[in-house]
Amino acid sequence: GQQVMQIPQYQHVQEGEDFTTYCNSSTTLSNIQWYKQRPGGHPVFLIQLVKSGEVKKQKRLTFQFGEAKKNSSLHITATQTTDVGTYFCAGIKAAGNKLTFGGGTRVLVKP
Amino acid sequence: DTEVTQTPKHLVMGMTNKKSLKCEQHMGHRAMYWYKQKAKKPPELMFVYSYEKLSINESVPSRFSPECPNSSLLNLHLHALQPEDSALYLCASRGTGVEKLFFGSGTQLSVL
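Chains as they are written, first to last, in my numbering: chain D, 9 to 119; chain R, 345 to 456.
Simulated from the structure, these hints should not be mistaken for lab results. Among the clues, some could well be false.
To be verified - Below, computed lysine-lysine pairings styled on DSS-like, alpha-carbon distance capped at 27 Å:
no., chain 1, residue 1, chain 2, residue 2
1, R, Lys353, R, Lys444
2, R, Lys363, R, Lys385
3, D, Lys44, R, Lys382
4, R, Lys385, D, Lys118
5, D, Lys106, R, Lys444
6, D, Lys101, R, Lys444
7, R, Lys366, D, Lys106
8, D, Lys101, R, Lys382
9, R, Lys353, R, Lys382
10, D, Lys64, D, Lys101
11, D, Lys67, R, Lys444
12, D, Lys101, R, Lys385
13, R, Lys444, R, Lys384
14, D, Lys106, R, Lys385
15, D, Lys44, D, Lys67
Throw the hints in and build the complete structure from the sequences for me.
Now the structure itself:
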């Protein structure tokens, strides 16, 4: 079945530094979504990428969809304490209808 | 109203109890989902309803019984659960032609 993997599992970041989390799918995706879940909270939609090679920015967050539509990345610049949480990628297989979540990257920020 | 409301927020039940989780949205979304999330794990899909009809059942044990009484409501009936069923149960909805999911805040379930 479809598998979506994320690395790293944990990311300890010094406040003000940049980091990137990566998402890889075993199958070609029709689109990929990113969600953020704060500690004790629920997943909140951040963005959706649909086109091959697409890059989207939201303030300090940059999202990229790979050319083969099998991988994606999230880059955060100048990390802040408000960035704490778990970031999940979630993909829908091409010609599929089920959203499969990656394992998540849990981000801890050191002030 | 862009919220998905879940009740109760917390539930403790014994293995012989019968309980129900409720989910409500008034965004006109016609797809509704139940996910199960264990601590430090991603959400795992359980059921999908599309236009009030069950469209996906991810081989969930029959002790979990979903119900969609109308387009705004989604229930999950629980009976004879096991301690390993303890988890955060998340409801989500999705609008037609839109892929993103709106999640409720979840029900934290403990089975004793």
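Self-check item: Holds or violated: Lys444 of chain R to Lys384 of chain R, with C-alpha atoms at most 27 Å apart
Solution: 22 Å, holds
Quiz item: CA of Lys67 of chain D to CA of Lys444 of chain R, is that 27 Å or under?
Solution: 20 Å, holds
Exercise. Measure nothing beyond the straight line between the CA atoms of Lys363 of chain R and Lys385 of chain R; if it is 27 Å or shorter, mark the hint as holding.
Key: 24 Å, holds
Exercise. Sort out whether Lys382 of chain R lies within 27 Å of Lys101 of chain D, counting only the CA atoms.
Key: 24 Å, holds
Practice problem: Quickly compare the C-alpha distance for Lys44 of chain D and Lys67 of chain D to 27 Å and report which way the hint goes. | Solution: 15 Å, holds
Quiz item: Between Lys366 of chain R and Lys106 of chain D, does the CA-CA distance stay at or below 27 Å?
Solution: 22 Å, holds
Self-check item: Given pair status - Lys444 of chain R, Lys353 of chain R, alpha carbons within 27 Å
Solution: It holds: about 23 Å lies between the C-alpha atoms, which stays within 27 Å.
Exercise. Sort out whether Lys382 of chain R lies within 27 Å of Lys44 of chain D, counting only the CA atoms.
Key: Holds - the C-alpha atoms of Lys382 of chain R and Lys44 of chain D are around 16 Å apart, at most 27 Å.
Quiz item: Regarding the pair Lys64 of chain D and Lys101 of chain D, is the alpha-carbon distance no greater than 27 Å?
Solution: Answer holds: Lys64 of chain D to Lys101 of chain D is near 21 Å, not above 27 Å.
Quiz prompt | Restraint check for Lys106 of chain D with Lys385 of chain R, where alpha carbons must lie at most 27 Å apart | solution = 18 Å, holds
Quiz item: Does the alpha-carbon distance linking Lys106 of chain D and Lys444 of chain R stay inside the 27 Å limit?
Solution: This hinted pair holds, its Cα atoms lying about 12 Å apart.
Quiz item: Is the Cα-Cα distance between Lys101 of chain D and Lys385 of chain R 27 Å or less?
Solution: 21 Å, holds
When each numbered hint is compared with the structure, no violation occurs for any of them.
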